[in-house]
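Engineer: Below are the chains, spelled out letter by letter.
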Amino acid sequence: MTRSLADIQRDFATMLRADRPPGGRADIYHNNRRANFCKALALTYPVTARIVGEEFFTRQAIDYLALHPSRQGDLHHAGRRFPQFLAAGFASQGSEFAYLADLAKLEWAWAEALVCADASIVGSESLTAFEPPTWPLLRFSLHPSVTLIRSTWPIHTIFDEHRRDQPALVSLSAGGEYVAVLRRAQIVEAHRLNAGEYRWWTALQSGRTLGEAVEELVNEPAPATETGSNAAEFVLRDSLARLFALGAVTAVTVP
Amino acid sequence: MPRGWQAGPAPRRAGVGLRGIHHAEWDARPACGWLEAHAENYFADGGPLPALLESLHRDYPLSLHGVGLGLGSFDPPDAEHLSRLAALVRRHQPEVVSEHLCWGHRDGLHFNDLLPLPFTEETLALLTARVDLLQSTLRRTVLIEHLASYLTFPESTLAEAQFLSELTQRTGCGLLLDLNNLHVNAVNHGIDPDAFLRALPAAAIGEIHLAGYTPVQLDGETLLIDTHGSAVDEAVWALYRNVLRLMGPRPTLIEWDTDIPSLDILLAEAARADAEVTEFGERLEPVMAPSQSGP
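If you read the protein sequences in the order shown, they are chains A and B.
According to the numbering used here, the first sequence holds residues 1 to 255 in order.
According to the numbering used here, the second sequence holds residues 1001 to 1295 in order.
Errors might be hidden in some of the hints.
To be verified - Partial list, derived from the structure: chain B residues whose beta carbon lies under 8 Å from chain A:
| # | residue |
| --- | --- |
| 1 | His-1022 |
| 2 | Ala-1024 |
| 3 | Trp-1026 |
| 4 | Ala-1051 |
| 5 | Gly-1104 |
| 6 | Arg-1106 |
| 7 | Gly-1108 |
| 8 | Phe-1280 |
In case anyone wonders, no lab produced these hints; they're calculated from the structure.
Backbone N, C-alpha and C define an ideal beta-carbon position, used for all residues, glycine too.
Full structure from sequences and hints, please.
Structural biologist: Quick look at the structure:
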């Protein structure tokens, strides 16, 4: 019996997807697929992989592969749903790895920021083109690399520490953190924001005018779970200066 | 539609594969004949990766080596992948573009591996159409690399070298001859590497890969795995000398993908490839001009 190419590849695909290796030489392909996938996922999530260790990471990666097999020839995309997968697996607050999903969100944002489109940034001097009374009407276009993440865990501190050779212990009870991931001068960075800045950046990114973004901050009190009060932490002049200094703004316009 | 592989001016020295772990080491611009980058690693809308490639290409000839298209997949190639590859080639204008004689996806799922094909008329017809599509999309000829494999198919009716030769005639593509793959296949499948080399259309070979393999024991037999995780084996250097004798030098590249050492080690391997070419030239001299050789 001679199988068609279509059948040969379908049979091979079934073998590759099976939980157990089939035995014999085909095992090499069965193993390679998993090994390639785990290696690529660990490259996208180096801090997560380092924290949980190779054995645990590989187990998670194999389970993730079974649920979310790759649908592109470029394996860089394969990690897109890993944060959601970790959230589903470790979301209960009792789990020692409850923070992993948010950490992975940060790492995915990092990977995306590395390859997103180029855009030239503008400095705070771009404000001088507008009369101060019109400032509340201004809209800010943020750099395409900007991703804003909030977590009830100290993910920025965890991320920062575990990129060092000798990471210090991070207390998980240190409280939540707000992070802006972005690319500045071709280098991806993760900056910790305060609660007010996070809400304000989020409003600006969603297209609110400067005036609207500030108003929302003043009118909507932060949820009780958040550390620090918005009013105490947020000073518009400082936050504007930092937004521009971090290279987050590509255009300032009046609608 | 481009017809016929046209070798450009071959870089005089051997090159090495560009890997992320060495990006900073290239800042010093060490002497190297040329660079080959895995195309998918530079699929980016912007940022430092394409910028780095652009900057390196100002100082070294560049080859883009695709690993993810799965040309021989029964299902059509991913249109987005193909257009990203085309955009990358358009932006960087590399001296050489290559892909693999393999399949990689079925029914929407991608296995992200270089999977082996049966060598049949059906496969040949499919590959011919796919290489035509690739070459017309990229508006240039490409090199097609044969795989290292661990399985063969009882369905195969053609010898691999015959299949490759036919493919070059039908599409005008060139071949990327990977001598580590050839050695791995010789051990794994018991084929005669010299017969394979003699059956290939020498003029179509536009590039040679050299790399290391890893032996494993499986069910009481030794199999070689194409890991690119060690130095080029002496058996592969011997094949390289055979190729030099048979068809003369070709642009040669050192590949290293697992347990990657410092760039110096790769450059030393490339220097050895250069030395083999030089030695071959010296040895060949008396053969080509016997009347001038001394007593």
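Engineer: Work down the list of hints and note, for each, if the structure agrees.
Structural biologist: Checked hints:
1. His-1022: Violated, because the Cβ-Cβ distance from His-1022(B) to chain A comes to roughly 15 Å (cut-off 8 Å).
2. Ala-1024: Since chain A brings no Cβ nearer than about 13 Å to Ala-1024(B), farther than 8 Å, the hint is violated.
3. Trp-1026: 15 Å, violated
4. Ala-1051: 6 Å, holds
5. Gly-1104: It holds, given that the least Cβ distance between Gly-1104(B) and chain A is near 6 Å, below 8 Å.
6. Arg-1106: 4 Å, holds
7. Gly-1108: Hint holds; Gly-1108(B) Cβ to chain A Cβ min 6 Å, cut 8 Å.
8. Phe-1280: At about 35 Å, which exceeds the 8 Å cut-off, the nearest Cβ of chain A leaves the hint on Phe-1280(B) violated.
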